[in-house]
Amino acid sequence: MEKLIEEFSLGLFFWQSLLFIGLVLLLRKFAWKPILDSVNEREDGIKDALAAAEDAKKEMQNVTADSEKLLKEARAEREAMLKEAREIKDKLIADSKEQAKVEGDKMIKQAQAAIESEKKAAVADIKSQVANLSVDIAEKVIKEQLSDKDKQLKLVDDLLGDIKLN
Amino acid sequence: MRKPFLSQFLFVALFLSMSAFATAEESKNDEGGKNLKTEITNYIDHHLKDSHDFSLFSIKQDDGSKKYIGFPLPVILWDKGLKVFSSSKFHHGETIAEVDGNHYKLYHSKIYKTDAAGTINYDDKHHATNTKPLDFSITKGVVMIFITGLLMFFLFRGLAKSYAKNGSIPKGIGRFFEPIVLYIRDDIAISNIGEKHYKKYMPFLLTVFFFIWFLNMFGLTPLGVNVTGNIAVTTALAIITFLLTNLTGTKDYWKHLFDPLGDSMPWLGKLPLYIILIPIEILGIFIKPFSLLIRLYANMQAGHIVVMSLIGLMFIFKSWIGSPLSFGLAFAISLIEILVALLQAYIFTMLSALYFGFASEEHDHAEAH
Numbered sequence: 000m001e002k003l004i005e006e007f008s009l010g011l012f013f014w015q016s017l018l019f020i021g022l023v024l025l026l027r028k029f030a031w032k033p034i035l036d037s038v039n040e041r042e043d044g045i046k047d048a049l050a051a052a053e054d055a056k057k058e059m060q061n062v063t064a065d066s067e068k069l070l071k072e073a074r075a076e077r078e079a080m081l082k083e084a085r086e087i088k089d090k091l092i093a094d095s096k097e098q099a100k101v102e103g104d105k106m107i108k109q110a111q112a113a114i115e116s117e118k119k120a121a122v123a124d125i126k127s128q129v130a131n132l133s134v135d136i137a138e139k140v141i142k143e144q145l146s147d148k149d150k151q152l153k154l155v156d157d158l159l160g161d162i163k164l165n
Numbered sequence: 000m001r002k003p004f005l006s007q008f009l010f011v012a013l014f015l016s017m018s019a020f021a022t023a024e025e026s027k028n029d030e031g032g033k034n035l036k037t038e039i040t041n042y043i044d045h046h047l048k049d050s051h052d053f054s055l056f057s058i059k060q061d062d063g064s065k066k067y068i069g070f071p072l073p074v075i076l077w078d079k080g081l082k083v084f085s086s087s088k089f090h091h092g093e094t095i096a097e098v099d100g101n102h103y104k105l106y107h108s109k110i111y112k113t114d115a116a117g118t119i120n121y122d123d124k125h126h127a128t129n130t131k132p133l134d135f136s137i138t139k140g141v142v143m144i145f146i147t148g149l150l151m152f153f154l155f156r157g158l159a160k161s162y163a164k165n166g167s168i169p170k171g172i173g174r175f176f177e178p179i180v181l182y183i184r185d186d187i188a189i190s191n192i193g194e195k196h197y198k199k200y201m202p203f204l205l206t207v208f209f210f211i212w213f214l215n216m217f218g219l220t221p222l223g224v225n226v227t228g229n230i231a232v233t234t235a236l237a238i239i240t241f242l243l244t245n246l247t248g249t250k251d252y253w254k255h256l257f258d259p260l261g262d263s264m265p266w267l268g269k270l271p272l273y274i275i276l277i278p279i280e281i282l283g284i285f286i287k288p289f290s291l292l293i294r295l296y297a298n299m300q301a302g303h304i305v306v307m308s309l310i311g312l313m314f315i316f317k318s319w320i321g322s323p324l325s326f327g328l329a330f331a332i333s334l335i336e337i338l339v340a341l342l343q344a345y346i347f348t349m350l351s352a353l354y355f356g357f358a359s360e361e362h363d364h365a366e367a368h
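Line by line, the protein sequences give chains D and S. Those letters in the first sequence? Residues 0 to 165, per numbering that gives the first Met the number 0, in order. Those letters in the second sequence? Residues 0 to 368, per numbering that gives the first Met the number 0, in order.
Please keep in mind that the hints were generated in silico from the structure rather than gathered at the bench. Here the structure is a predicted model, which means the values were calculated and not measured. Keep in mind that a hint or two might mislead.
Said to hold, decoys possible - Not the full set, but computed from the structure, chain D residues with beta-carbon under 7 Å of chain S: (1) K2; (2) E6; (3) S8; (4) F13; (5) S16; (6) V23; (7) L26; (8) F29; (9) W31; (10) I34; (11) S37.
Said to hold, decoys possible - Pair by pair, the computed Cβ-Cβ distance ranges are: (12) D:T63 - S:D262: 53 to 63 Å; (13) D:L17 - S:K317: 38 to 48 Å; (14) D:L17 - S:L272: 52 to 62 Å; (15) S:I146 - D:L3: 17 to 27 Å; (16) S:T128 - D:L3: 16 to 26 Å.
Stated by the list, open to error - Below, in silico cross-link-like pairs of lysine-lysine (DSS-like), each with a Cα-Cα straight-line distance of 27 Å or less: (17) S:K198 - D:K28; (18) D:K46 - S:K198; (19) D:K126 - D:K108; (20) S:K160 - S:K124; (21) D:K28 - S:K170; (22) D:K28 - S:K195; (23) D:K2 - S:K109; (24) D:K2 - S:K170; (25) D:K28 - S:K164; (26) D:K32 - S:K170; (27) S:K287 - S:K250; (28) S:K109 - S:K124; (29) S:K164 - S:K109; (30) D:K153 - D:K142; (31) S:K254 - S:K195; (32) S:K131 - D:K32; (33) S:K160 - D:K28; (34) D:K105 - D:K82; (35) S:K33 - S:K79; (36) D:K139 - D:K150; (37) S:K287 - D:K2; (38) S:K199 - D:K28; (39) S:K48 - D:K32; (40) D:K32 - S:K112.
Glycine is no exception: its CB is placed at the ideal position from the N, C-alpha and C atoms.
Generate coordinates for the entire structure from the input sequences, incorporating the hints supplied.
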């Protein structure tokens with residue numbers, strides 16, 4: 000201890016304190032502050048850049064998800080539209096079929112009615128002609144047959160049978 | 000990996016051989032082992048002390064006088080008025096300097112006031128009893144402190160400027176120092192002091208780290224400086240740590256000092272404990288920086304003594320086996336000293352940061368303890 004005190008030099012102590020404090024103050028102003036500031040700034044910059052990259056990544060994901068969603072929606076819409084079109088088409092076809100059937104039935108009925116009436120008219124016509132013919136034939140036959148009584152009777156019977164068939 | 004190691008090896012080997020050369024020149028014309036041993040002891044002793052002139056080595060001339068290679072430094076004394084003169088007046092302690100009618104003698108690296116004949120009076124323990132004028136000389140140590148300061152200023156000013164120029168990217172030597180600065184910030188300051196308060200201590204921590212490291216490294220060069228192994232220098236550094244710790248101490252710090260148990264006990268129970276505890280705590284304030292100054296001083300001093308003794312051994316052995324062996328040892332120790340130089344700077348900075356951390360703590364002690 001005594002040796003240490005003996006060794007202690009007040010002058011060196013004085014200069015060391017003075018120079019060192021001066022050095023700390025000088026370096027603080029001219030070196031440490033700018034160094035630490037720029038290092039901090041750089042670190043903040045890196046941190047910000049990383050955060051920005053992370054954000055961009057997230058945004059990218061969002062955009063991808065969005066477009067996927069849009070695509071899905073579009074697909075669904077197309078599906079729906081197609082389905083609707085198909086339904087409309089089916090309905091149209093069914094409708095027209097129905098209508099055509101109704102129309103056809105109507106026409107058939109009309110035709111049947113027309114045929115019926117024509118037939119009736121034709122039958123009536125034939126009947127009248129047949130009647131006329133029969134009358135003519137009868138007249139002739141009668142004229143001829145009436146000459147013979149038996150033949151006359153038979154003829155009448157035959158004619159009557161023929162008429163009944165009609 | 001191989002190349003830098005090789006260059007380091009050559010670097011250290013060069014320095015060692017130069018130191019060895021210096022010692023060799025010193026003891027060139029000596030005969031007798033005992034004479035050589037005392038001379039080496041004296042040489043080491045002299046080297047460990049601060050000196051009033053910057054001499055790298057001396058050469059013994061044929062007529063027995065020594066020729067010193069170096070330059071004198073200004074001596075500044077306060078002895079009933081300011082006395083400034085060149086240390087060349089002492090002729091390395093061989094002559095008495097006469098300034099304004101006062102006589103001064105350099106004796107064991109200290110300046111004593113003497114009579115014209117240069118008589119030194121001793122007490123019974125062989126201590127000089129002559130009056131010592133207040134010595135504010137620019138010694139070798141002061142010159143080295145100044146050079147280190149300049150070196151640091153230009154180095155770190157350059158680093159600071161290179162940030163501005165290169166867009167926050169260091170250039171050149173700054174690339175080596177930037178990680179160290181960041182290490183001190185992150186692993187010494189922030190981890191010990193905390194994110195909130197570390198900023199105000201950063202200038203001191205950074206300066207003290209590089210200051211001690213550079214001076215330690217200078218101590219390993221053949222310039223023969225031993226600044227960080229000087230008690231006055233380490234005392235000055237430790238006092239700054241002490242002042243910074245206690246002047247920036249928060250309320251919690253002082254509360255912890257004078258009321259270490261907090262609210263965990265009733266005051267009646269604390270009273271007998273505090274009779275012992277508080278003096279210990281107060282003593283602790285002084286012991287912490289004191290351990291700092293002694294640790295740095297002792298480590299550097301011891302390193303210098305060991306390396307120089309091993310170099311001295313080379314000249315004592317003077318054989319083909321002994322001398323290379325002690326050279327190898329000196330070389331190995333020098334490598335360790337390079338590590339110690341960094342380690343001591345780290346320890347000083349680390350412990351200072353730790354003490355600052357105590358001073359700026361702000362937490363509830365009742366819970367923490």
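Proposed proximity, S:K124 with S:K160 (alpha carbon, max 27 Å) = Cα-Cα ~57 Å, so violated.
Given hint D:K2 near chain S, where the shortest CB pair must fall under 7 Å = D:K2 check fails; min Cβ-Cβ to chain S is 9 Å, beyond 7 Å.
D:K153 and D:K142: Cα distance at most 27 Å?
-> 14 Å, holds
Has the given pair, S:K287 with D:K2, been kept, meaning a C-alpha gap of at most 27 Å?
-> 21 Å, holds
Satisfaction of hint between S:K250 and S:K287, Cα-Cα up to 27 Å = Satisfied, since the Cα-Cα distance of roughly 20 Å is no more than 27 Å.
Go through the hint on D:L26 and say holds or violated, using the shortest Cβ distance to chain S against 7 Å.
-> 5 Å, holds
Are the Cα positions of D:K32 and S:K170 separated by 27 Å at most?
-> 18 Å, holds
Hey, D:K32 versus S:K112, does the alpha-carbon distance stay inside 27 Å?
-> Given that 27 Å is the threshold and the Cα spacing comes to 47 Å, the pair is violated.
Satisfaction of the D:F29 interface hint, Cβ to chain S closer than 7 Å = 5 Å, holds
Given hint S:K124 paired with S:K109 - CA-CA distance at most 27 Å = 17 Å, holds
At a threshold of 7 Å, is the proposed contact between D:E6 and chain S supported by beta-carbon distances?
-> Given a least distance of 5 Å, the restraint on D:E6 holds.
Regarding the pair S:K254 and S:K195, is the alpha-carbon distance no greater than 27 Å?
-> At roughly 20 Å apart (the allowed maximum being 27 Å), S:K195 and S:K254 satisfy the hint.
Consistency with the previously given hints fails for numbers 1, 14, 20, 24, 29, 32, 34, 35, 39, 40, ordered from lowest to highest.
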